[in-house]
Structures are given as structure tokens and as C-alpha cells.
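There are 2 protein chains.
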Amino acid sequence: MKIIQGGITAPKGYLASGIHCGIKYKNKDLALIYSKVPAIACGLFTQNKLQAAPLKITKAHLKNNKAQAVVINSGNANCCTGIGGIKDAQAMSLAAAKGLGLRLSEVLVASTGIIGKRLPLLKIKNKIGLLVNRLSLRAGLAAAQAIMTTDTRPKQISVELLIGKTKVKIGGIAKGAGMIHPQMATMLGFITSDAAISKANLKKALKEAADNSFNLITVEGDTSTNDMVLILANGLAGNKSMSAQELRLFQKALNFVCLALAKMIIQDAEGATKFVEVCVEQAGNIAQAKRIAFKVANSPLVKTAIYGENPNWGRIAASVGMADKGVEQRLLSIHLGKIRVLAKGTALKTNQQGLKKVFKDNQIQIKIALGLGKYAAKVFTCDLSNEYVRINAEY
Amino acid sequence: MKIIQGGITAPKGYLASGIHCGIKYKNKDLALIYSKVPAIACGLFTQNKLQAAPLKITKAHLKNNKAQAVVINSGNANCCTGIGGIKDAQAMSLAAAKGLGLRLSEVLVASTGIIGKRLPLLKIKNKIGLLVNRLSLRAGLAAAQAIMTTDTRPKQISVELLIGKTKVKIGGIAKGAGMIHPQMATMLGFITSDAAISKANLKKALKEAADNSFNLITVEGDTSTNDMVLILANGLAGNKSMSAQELRLFQKALNFVCLALAKMIIQDAEGATKFVEVCVEQAGNIAQAKRIAFKVANSPLVKTAIYGENPNWGRIAASVGMADKGVEQRLLSIHLGKIRVLAKGTALKTNQQGLKKVFKDNQIQIKIALGLGKYAAKVFTCDLSNEYVRINAEY
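Protein sequence lines, in the order shown, are assigned to chains R and G. Numbering follows my numbering, in which position 16 of the first sequence is assigned residue number 261; successive positions increment by one, without gaps. Numbering follows my numbering, in which position 299 of the second sequence is assigned residue number 544; successive positions increment by one, without gaps.
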């Protein structure tokens with residue numbers, strides 16, 4: 246597997262575009278992804294009990310696991326908008342379908358932005374023609390830009406792998422800068438591939454890739470009403486049916502694409518100045534490891550300490566202690582970077598200068614060993630800065 | 246019941262003191278509360294699985310539900326300090342017992358401050374004589390000051406009620422400014438009363454009062470390793486055994502004292518500029534109502550919006566939707582102040598100026614009606630400001 250240029254238009258048969266239609270005051274706000282032939286498609290959706298209108302339409306359109314295009318707007322989430330909002334999402338999908346000469350059910354739809362306002366449908370409809378005309382091999386980046394909200398930079402990646410002797414490609418774009426938490430939280434991700442792969446295998450692969458990437462990142466523990474990851478695989482690479490071993494290669498490449506996008510999201514998180522890995526080891530089970538890792542990763546006290554480059558590991562220990570009833574103080578150890586600060590529940594004398602150096606870095610690893618079992622989990626987060634407060638106070 | 250002056254020394258037979266012993270660079274850091282006669286005593290302790298050394302000693306000393314004094318330091322939590330830390334907590338308790346001519350088990354001990362550093366025991370021991378000498382009726386405020394960490398002001402209250410024809414008093418002090426969450430989280434509270442009351446009734450009353458006050462406040466969802474609420478009732482008021490009705494009067498007064506202290510904690514929360522009530526109504530059960538109220542109250546996105554005086558209720562709706570699987574979008578309504586913004590899951594057209602006015606106030610009420618049942622819960626929190634980040638980045 247190797248990283249290649251091109252993003253979502255790197256795989257064979259895909260075009261994309263991204264334009265400004267006026268939902269936002271300025272900047273691109275409408276994106277289109279198009280496959281020249283029908284593709285196998287599936288998606289993962291927010292676990293939030295409030296689900297925005299476009300999710301309902303996209304889920305309905307995915308019932309046959311086929312799609313040929315995705316239309317996406319930023320600046321308005323089309324959420325809490327009632328029956329009218331559902332009609333708007335359908336109308337947006339229909340406008341794109343007409344522009345592309347497709348059936349309604351072949352076009353998936355996604356939105357991101359503010360909750361509780363009706364979509365300015367006319368602005369979208371008026372620009373669908375332009376959006377279709379702009380479809381090109383070079384506009385993957387424009388599409389990545391058009392799905393941004395508080396993101397400061399577009400997020401895209403593409404890779405190539407060999408399935409037998411056939412080159413297969415996977416590309417992806419994503420957005421998300423705050424309200425990021427597992428279970429498909431305030432993020433949109435769109436993956437394209439030219440692989441020939443069955444529905445069942447594509448679903449399984451997307452689920453596994455998301456569990457190992459998008460579902461391991463958190464900014465502040467809030468999951469959103471809108472977010473989804475969609476994958477299209479159009480088969481134009483022409484590979485033969487994949488063996489179990491080839492499926493593993495595909496899985497590995499897809500995991501890589503999703504993890505790369507997930508890390509870009511954290512690196513571009515609202516106000517973030519540090520990229521933080523929280524590793525929980527020696528847990529009694531995976532759920533315990535994840536629960537504790539997320540509790541630490543979401544603690545405002547831990548995150549502000551990291552922002553302040555203040556190796557106040559007592560807050561990490563306190564966070565572990567409240568995350569799970571199974572934690573045993575006498576078995577707990579904590580490392581900051583390579584420096585052990587807590588062993589068997591007791592503070593160690595540590596080199597304060599060395600610790601400060603660990604926290605000066607813009608990549609920080611926190612390792613928590615529970616002494617309870619053999620399971621581990623790693624999650625990714627960022628610090629909590631003044632800039633985060635400024636962005637979210639104003640947005 | 247009426248509010249009276251005097252704080253923890255208002256009830257008969259109590260003295261207090263608060264001095265600087267040198268744990269902190271400056272400011273008072275050592276407090277003592279003393280009852281002239283043995284008192285019935287009980288406590289509530291953090292649910293964090295990491296518990297600081299003083300909690301272990303105080304729990305042991307409370308086995309017989311009697312105590313005559315409480316010694317407290319701020320500036321050092323004596324947590325994650327191993328066997329040595331437990332010995333230190335015991336030695337601190339013993340030093341106070343010797344100074345007061347009491348037995349070790351009659352003195353309770355509490356600490357608050359940084360985790361993972363041994364207590365500077367000698368500094369405490371050297372000043373125990375002074376601490377005892379300073380005991381007075383007027384030094385309740387000094388004790389309230391000596392237990393402060395990032396608090397900006399001392400917190401105290403006292404009330405008087407009639408049990409039969411006897412005047413009974415309750416006083417309290419508390420500290421806590423961050424890391425505040427239910428289950429006795431990063432706060433210390435010390436309540437004194439001259440009521441004559443049985444062990445069993447005192448325990449029950451404290452539990453109920455805490456559940457309706459300290460366990461309803463949250464700053465950022467972090468619970469601490471150190472915190473406790475202790476109550477002493479020395480019987481010097483001379484009231485007769487309380488009837489069920491009199492117990493309810495006592496309960497009401499104790500609830501008032503605890504809620505007043507809890508609200509003071511939120512009003513003085515780190516960086517807080519707004520006091521926020523989150524009311525969840527029409528829940529299927531109390532646990533659901535509390536879970537949702539706390540999720541909203543702890544959402545950094547909700548809290549930063551409140552700080553920014555930005556009535557972005559979509560974040561509240563999203564927070565409700567991820568808090569509980571039982572939430573039904575089509576039944577959900579939300580009020581900000583008196584203005585309904587969401588009805589049956591659909592946004593209403595609202596007076597934006599009116600909404601902005603609600604958020605300009607420094608007391609904000611968020612009301613969430615689930616449409617699922619008849620249960621309700623109310624929790625108290627504050628906004629998330631730049632000042633919170635600054636304090637916690639540096640502390």
C-alpha cells in the first residue's frame with residue numbers, strides 16, 4: 246500500500262466538485278461526489294437520538310446498498326426542522342439527481358452546520374447546475390473545502406494497493422473540528438474506492454475501519470445529530486473477487502485512510518495546540534479500557550493542564566478513578582511520555598524538568614496501566630485552549 | 246427557620262480557627278473545628294475509586310459515629326501518597342488530638358489541593374499549638390478561608406429553627422471551585438449543629454440534604470479523590486427527641502444550608518460568569534432526568550455558548566439526544582428562560598432579541614421537557630470561560 250495524490254477522485258471513475266451557493270456568507274458550502282457507474286455503498290450514522298433530516302433520506306436511499314452520488318452542504322445541519330426539513334433533504338437529493346440524470350435513490354445527502362434552521366433550499370437548487378458542471382478529476386480538494394465548518398483546513402487522503410495484480414485505490418475526505426466523539430460524532434467522512442467488493446464485505450470493512458479510527462477520537466465528548474461516514478465502491482479497478490487475504494489488505498488500507506482522516510480531524514480540532522494519545526493498558530476488558538481512556542481524554546481538567554503544558558498528572562489519576570468502579574488504586578500506574586509518575590497507586594519522585602519537556606511537545610502520550618488484565622485501548626484527543634472557548638462562545 | 250450570622254460557630258458549643266502554616270506560599274491553609282462536647286458525627290465521601298489518605302483515616306474514626314473536632318488543610322490533597330500518606334493523615338489527626346486533649350479517634354481529618362505530593366507534616370505540627378490557641382467563636386470565617394483552594398471567596402451560612410420550643414442551629418462552611426460533580430466531588434463541606442439527634446437520623450438527613458444540593462452541582466463533570474461532607478451534632482441546644490414532623494423541619498433546614506453552600510460553590514466556580522439551572526421534566530424516571538440534566542450541564546459546547554451569550558440551543562438538543570437512548574425527538578421541547586425554542590422536536594420561530602436577553606442575564610434557566618413521563622430533576626452549573634482555561638492551565 247502506498248499514499249498517492251488525488252483524494253476522493255484518485256480511484257477510477259470518480260469526479261467531485263465544491264462551490265459556494267450562499268448558505269454561508271462566504272466560502273464553499275456545497276459539494277458533490279459522483280461515480281460514473283453505480284457503486285456499492287454503505288454508511289455509518291450518529292448514535293444521537295436526535296438525527297438530522299439528511300440522515301433519514303440517506304438511510305432510506307441506502308436500503309439497496311447502491312449509490313452513484315453524494316451531495317453535501319455545510320453551514321446548515323437541517324436538524325430539528327420537522328417534516329419540512331425532511332422534504333428539504335429529499336428535494337436537495339432530487340435536485341442533484343436531476344442534474345446528474347440519476348434516480349432519486351441513487352443520490353445520498355448530508356448536511357453539517359447550525360441546528361434548528363430550515364435549509365435555504367432555493368440557494369442550493371439555483372446552484373445545482375453549476376455544481377454538476379464543475380465536476381472534475383481535480384476538484385476533490387474543492388469538495389473537501391466545501392464540507393468544512395469551523396475546520397481550518399480541508400482533510401483528504403488517498404492510497405493505492407494491489408489486489409492480486411490489480412491496482413485498487415481508496416480516497417477519502419472528512420470534516421469535523423468540534424463536537425467530535427465516537428459513534429459518528431459531528432463529523433462527515435466520504436470514502437471512495439474503485440475496488441470490486443461485495444456489499445457484505447464493504448459494510449464489514451467500513452465498520453471495522455470506523456471502530457479503529459473515527460470511533461477513537463474525541464474533542465469534548467459531544468456527539469452530533471448529523472454525522473455520517475459513507476463509502477462507495479464502484480468496481481472500476483476491475484479486480485477479481487477478493488480472497489480472505491486480499492480482504493485483509495483492503496481492510497488495512499481502509500483502516501489507514503480512516504485513521505489518517507481521524508487524526509487530521511483531531512489535529513485541526515477547535516483551538517487545539519496539542520495532539521494527545523491516551524493509552525489504557527492492562528484492563529479487564531476492552532469496554533473498560535475504552536471507558537477509562539475516553540473519560541481521561543474528555544476531562545476538561547486534564548485538557549486544560551495539557552494546554553498549559555502543566556504535567557499535573559493528579560488530574561489524570563482522579564479521572565481514571567471516577568471512570569470505572571473496577572479501578573484499583575494499589576494497582577494503578579501512569580506514564581507521561583516515557584516517564585513513570587505513578588507506580589502501584591503511589592507517586593514517584595520524578596525529574597520535573599523531564600516532565601515539563603514531555604508537555605512542551607505538541608504530541609503527548611499518556612499511558613495508564615490498570616494492572617487488572619490484558620486488554621488495551623488507545624484514543625486520540627487534543628487540549629482545551631482559550632481558542633476553543635473563543636470559537637465556541639462565538640459560533 | 247431563619248438565616249442567622251455566625252457560620253459554623255453559630256450553633257452552641259462550637260469554636261473554629263484558621264491560620265497559615267506554610268503549605269501554601271501565602272494565605273490560610275490550616276483549619277480547625279471543635280465542639281466543646283462529643284458530637285454525633287457522620288460523613289459522605291467521594292465515589293472516586295482513588296481516595297486520598299485523609300478519607301481513610303476519617304472513615305475509620307467515624308466508625309462509632311462520634312467526633313469532637315475536624316482538622317483540615319488546603320494546598321495539598323495527600324492523595325496517591327502511599328502508606329506514608331496514610332501515616333501523615335493519621336499524624337495530622339493525632340497532633341490536633343494532642344493539642345485539644347482528645348483521643349485520636351475523636352478528630353476527623355480532611356485535605357484538599359494538589360495530588361501526588363507528600364504532606365509537609367512538620368509545618369502542620371509546628372502550627373497545631375497556634376491553631377488550637379486561635380479557636381474562637383469569631384473564627385468560623387477564618388476556617389472557611391483556610392479550606393479554600395482556587396475559590397475566590399469563603400463560603401459559609403447558618404440558620405436557626407425551632408424544634409418544639411427549643412432554638413436549634415445549623416452552620417456550614419464549604420470549599421470547591423473546580424472538579425465539582427456529584428458523588429461528593431472536589432468539595433469539602435463541614436456542617437455543625439447543636440441539635441440533639443440520633444446517629445441514624447443524622448445520617449439519613451445528611452444523605453438527603455447532599456442528594457438535593459452537593460450532588461446536583463457540576464462544574465465540569467470531574468469528581469475528585471478527596472472530598473467529603475461531614476456533619477457534627479453535639480446536642481447542646483437541649484431539644485427533646487425529635488418527632489417525625491420535627492425531623493422534617495430539621496431536614497428542611499439542613500437542605501437549605503447544603504443547597505446554599507452548593508450554590509455558592511457554583512457561583513464561585515473557576516472562571517464562571519453565569520449561574521445555570523438545567524431542569525429536565527417529563528422524564529420516564531429520576532435517573533433518566535438526572536442523566537440528561539448532567540449531560541447538558543457538562544457539555545463544553547453548551548457551556549461555551551452560554552459564556553458567549555449565544556442562545557445556540559441546537560447544542561442543548563444534541564446533548565439531550567446523546568444522553569439517553571430513551572429520548573424521542575418528536576416529543577422533545579426546550580425552553581430558554583421563558584421562551585420555547587423547540588416544540589415536539591421542531592424548531593420554533595423565536596424572537597432573537599428576546600432570546601439574547603435571556604442569555605445576557607447572569608442567571609440562566611434551561612428547561613427540557615422529554616414528553617416521556619412525570620419525573621423531573623434540576624441541576625446547577627456554570628459557563629465555561631476563558632478564565633476557566635487560564636486557571637486550569639496554570640494551576
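There's no promise every hint is true.
[Claimed, not checked] Simulated DEER-style distance windows between Cβ atoms:
1. I584(R) to A445(G): 27 to 37 Å
2. N607(R) to G618(G): 40 to 50 Å
3. G483(G) to I584(R): 51 to 61 Å
4. G618(G) to I359(R): 22 to 32 Å
5. K343(G) to E632(R): 47 to 57 Å
6. K343(R) to K589(G): 53 to 63 Å
7. Q597(G) to L366(R): 39 to 49 Å
8. I359(R) to E453(G): 38 to 48 Å
[What the hints assert, rightly or not] Dumping the calculated DSS-like pairs for lysine-lysine here, alpha-carbon to alpha-carbon at most 27 Å:
9. K362(G) to K570(R)
10. K269(G) to K602(R)
11. K343(R) to K301(R)
12. K370(G) to K304(R)
13. K612(R) to K294(G)
14. K294(G) to K583(R)
15. K570(G) to K332(R)
16. K594(R) to K570(G)
17. K612(G) to K294(R)
Hints were generated in silico from the structure; no laboratory data involved. No residue lacks a Cβ here, since even glycine has one placed at the ideal position from N, Cα and C.
To see whether the hints hold, each was checked on the structure:
1. As the Cβ distance of I584(R) to A445(G) is approximately 49 Å, the hint placing it in 27 to 37 Å is violated.
2. Checked against the hint of 40 to 50 Å, the pair N607(R) and G618(G) passes, with Cβ atoms roughly 48 Å apart.
3. With their beta carbons about 60 Å apart, G483(G) and I584(R) fall inside the hinted range of 51 to 61 Å.
4. Distance hint check: the CB atoms of G618(G) and I359(R) are about 31 Å apart, consistent with the given range 22 to 32 Å.
5. Distance hint check: the CB atoms of K343(G) and E632(R) are about 53 Å apart, consistent with the given range 47 to 57 Å.
6. Taken as a hint, the range 53 to 63 Å is violated for the pair K343(R) and K589(G), whose Cβ atoms sit roughly 32 Å apart.
7. At about 22 Å, the CB distance of Q597(G) to L366(R) disagrees with the hint of 39 to 49 Å.
8. The beta-carbon spacing between I359(R) and E453(G), approximately 42 Å, falls within the hinted interval of 38 to 48 Å.
9. For the hint linking K362(G) to K570(R), the alpha-carbon distance of about 25 Å falls within 27 Å, and the restraint holds.
10. Between K269(G) and K602(R) the CA atoms are separated by roughly 25 Å; this keeps the pair inside 27 Å, and the hint holds.
11. Distance hint between K343(R) and K301(R) is fulfilled; the C-alpha atoms sit about 20 Å from each other, no more than 27 Å.
12. For the given pair, K370(G) sits about 69 Å from K304(R) by alpha-carbon distance, which is inconsistent with the 27 Å threshold.
13. Taking the CA atoms of K612(R) and K294(G), the gap is about 18 Å. The hint holds against a cut of 27 Å.
14. Pair hint K294(G) plus K583(R) holds up; C-alpha atoms about 25 Å apart against a cutoff of 27 Å.
15. Taking the CA atoms of K570(G) and K332(R), the gap is about 26 Å. The hint holds against a cut of 27 Å.
16. At most 27 Å may separate the alpha-carbon atoms for a hinted pair to count; K594(R) and K570(G) exceed this at roughly 45 Å.
17. At most 27 Å may separate the alpha-carbon atoms for a hinted pair to count; K612(G) and K294(R) meet this at roughly 18 Å.
Hints 1, 6, 7, 12 and 16 from the earlier list are contradicted by this structure; the remaining hints agree with it.
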